[in-house]
Amino acid sequence: MAGSRRPRARLSGNGGRAGASTSRWRLSRRWKRVIAVGGGFFAVCVALVAGLVVYGALTLPDINSIGQKTGTIRLVDVHGTVLAEVGHDATNRHNVTIDQIAPILQQATVAAEDRNFYNEGAINPARILKALVDDVILHRPAEGASTITQQLAKQAFFGTDASKSPLRKVREALLANQLDSKYTKQQILEQYLNINYYGENAYGIENASMAYFGKHAKGLTLMEASLLAGLPQAPSYNDPYNNPDAAYARMHYVLGSLVAVGNIKQADADAVDPLVGGSSPTPEQQTAQQTNQQALHADLQNGKPNTAGPAPHFVAYIQDQLQQIFGATDPQYLQGDLVVTTTLDLATENLANTAVAKGVAKLLSSGANNGALLMINAHTGAIEAMVGSASFTNNAIAGQYNIVTASRRPGSSFKPYVYEAGFKNGTLKPDTILQDTRAQSQKYGGVTDFDSRFLGPMTAARALTLSRNVATEQAADKAGIQNVIDLAYGMGISEKLTPQEPNLSTAIGTSAVRMIDHASAYAAFANGGHKVVANGILKITDGAGNVIRDYSTPANLGDVLTSQQAWTITSILRGYAKQWNLHFRYDTAGKSGTTDHFIDAWYMTYTPDWVVATWTGHTSGSNSAEQGMNQVFGTATGAAIAVPFVNSLSKPSAFKPVTGALSDCSQSDSALVSPSGCPTPSPSPSVTATPSSSPTPTASPSPSFTLPAVTPTPTPTPSIAPTPTAAPPAATAARREEVAVAERRRAG
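No gaps in the numbering here: position 661 of the sequence shown is 802 in the working numbering, and each next residue is one more.
None of these hints come from the bench; they were simulated from the model.
Positions of the beta carbon are idealized from the N, C-alpha and C atoms, including for glycine.
Any given hint might turn out to be false.
[To be verified] Under the rule of at most 35 Å between Cα atoms (straight-line distance), these lysine-lysine pairs were calculated in the DSBU-like manner: (1) 719 <-> 672; (2) 406 <-> 359; (3) 570 <-> 672; (4) 719 <-> 570; (5) 359 <-> 323.
[Claimed, not checked] What follows is a list of derived Cβ distance ranges for each label pair: (6) 241 <-> 539: 32 to 38 Å; (7) 436 <-> 680: 34 to 40 Å; (8) 223 <-> 642: 49 to 55 Å.
Turn these sequences into a full structure, and let the hints steer you where they fit.
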């Protein structure tokens with residue numbers, strides 16, 4: 142037993158160092174496990190980073206495409222006047238070489254963005270580390286860690302992608318290194334200045350210089366350069382118009398940076414901004430600074446940048462067309478310069494801009510804050526003027542949104558398709574009697590008119606001229622609502638139209654259409670029945686002048702109406718302007734349209750030469766909900782925009798009656814429509830009273846109806862339209878009818 146006893150561990154004389162040694166051995170074993178796990182984790186991280194770098198390197202875009210992506214497309218009007226020079230990346234830019242940029246602007250940019258630009262590589266590890274410490278540890282806004290080369294890589298190849306993913310950052314760094322290896326510092330700076338965004342839709346220093354100061358980049362002064370060089374860091378925040386204090390504070394920083402790196406002397410900076418020195422300002426210095434800032438503000442072109450260019454919505458429209466023609470990857474589109482000759486007439490465009498701006502201003506007190514206008518050639522569809530909003534740069538009204546290509550309810554401006562469908566298939570004639578009665582209204586779900594009255598029996602021609610809803614739905618019923626829809630499609634309407642039976646509300650304009658399609662369809666009325674599609678490009682040439690696309694001869698799309706059918710509608714609509722007291726200088730045909738709650742107010746007008754579509758409404762850049770106007774009918778849009786614009790144009794061709802059209806009538810009805818084309822007399826009393834000059838019920842305000850119809854657009858479901866406020870005698874169609882009847886009774 143004793144021999145089998147285990148020997149006791151001997152205590153060492155050092156008080157148990159053997160135990161301590163064992164403990165250290167055990168501790169080190171634990172650390173080995175930690176180290177092993179940590180090492181494995183580190184190895185995995187290294188492998189992941191390596192894989193990320195390898196994958197990023199394999200998926201890099203070709204840096205040679207940087208020159209292609211910043212190439213330019215020159216858009217010119219029909220006479221060769223330059224409208225815009227834009228990049229292939231759809232930005233509004235005009236590239237210049239480095240020697241076309243003022244040296245002080247170059248110096249200001251480098252001083253503000255990357256002081257070590259000329260002495261460092263593509264990336265700056267110290268700046269990156271400092272930015273990480275500021276952002277992650279100190280939780281304070283980090284100064285930019287990117288060099289100018291990195292920023293060029295980011296903007297040229299990733300655009301507006303704000304992602305901060307590890308892969309994006311790796312690819313950005315790799316591209317920056319490639320750029321730094323391939324190009325000189327001056328070449329990199331040149332590309333950077335051409336690609337930078339300076340706010341207010343100005344890309345590139347040349348565009349920014351022209352927009353803000355009306356001069357080329359080569360002629361910028363120290364004051365101007367220090368302001369512009371400070372904008373790219375935060376273009377919206379530093380906007381000198383919306384936030385001048387921020388813009389001047391940033392300019393102050395740029396001037397200080399120029400002094401710090403030795404590009405200018407302190408006295409030079411003080412001459413621009415006396416407070417750059419940093420000492421407590423004297424009253425004299427404060428006064429001098431205010432004087433300089435006022436001078437700078439006055440120097441800014443027109444107090445507001447004209448960065449939008451002369452036809453911004455049209456330019457954007459053409460860019461979309463080019464993408465459709467070439468595709469985003471077509472080498473012919475990406476490489477080299479292109480010249481696109483468009484159909485736009487800049488002089489006409491300027492007249493249209495003026496008409497929309499002044500017209501909306503007239504209606505501002507009634508709740509309108511936005512407007513649009515489109516003019517096309519009635520025979521070719523060529524767009525001669527396009528104004529998509531009252532102000533392209535006004536974000537409060539979502540000014541960059543193009544109403545011309547948007548889907549909006551047309552209201553009663555849709556009604557000509559209804560009557561034309563009936564004239565075409567023989568179910569209607571201008572003298573067909575329709576019933577504007579309560580009984581007829583109930584048949585179609587309770588539809589009413591703006592005045593909530595019923596005028597009794599009337600001819601189809603009168604129903605169209607007075608824009609009566611109940612009678613129009615009966616007309617649609619006779620013609621066949623699907624026939625109406627098919628005709629509208631055939632004439633050019635592209636948005637989905639729904640019959641909305643049994644109330645047939647599509648007949649009175651509750652289904653949305655695009656203005657550009659609406660105008661194209663009206664062109665068939667104007668030109669005698671030939672179908673046209675609105676278009677904006679005549680030809681495209683390459684940098685060598687070779688024509689690579691030619692659209693100068695429009696495609697023959699055939700006829701959608703006979704000349705007699707087209708003239709029947711025109712003969713009625715020629716009397717519309719007179720009926721509603723619109724004072725055009727020339728003989729025009731037209732139709733208004735007003736949607737429920739006065740959300741949309743249209744006026745369409747045409748001659749044998751052209752079609753003009755106009756619109757007013759209330760839009761918001763911060764609220765997608767539609768807001769109605771206060772009693773703004775379609776004829777108010779006609780009076781405020783269409784009439785001044787048309788009256789500023791040269792005299793168009795005269796209408797020529799067409800033999801065989803449904804237009805015979807007696808002289809007793811000549812007050813209803815033009816003598817050259819009017820319906821036969823009807824039992825309904827004719828209109829004899831002179832209409833009021835006020836923008837009172839138009840032939841289009843008739844969006845009013847009571848049924849809860851579901852419409853394909855997001856606008857509110859139609860309900861009874863607002864009844865116009867008290868108007869002068871003869872201000873409404875109903876009142877005019879009453880006056881006419883009373884006068885006839887007295888005469889009898």
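Hint check, failures only: As far as the earlier hints go, only 7 is violated by this structure.
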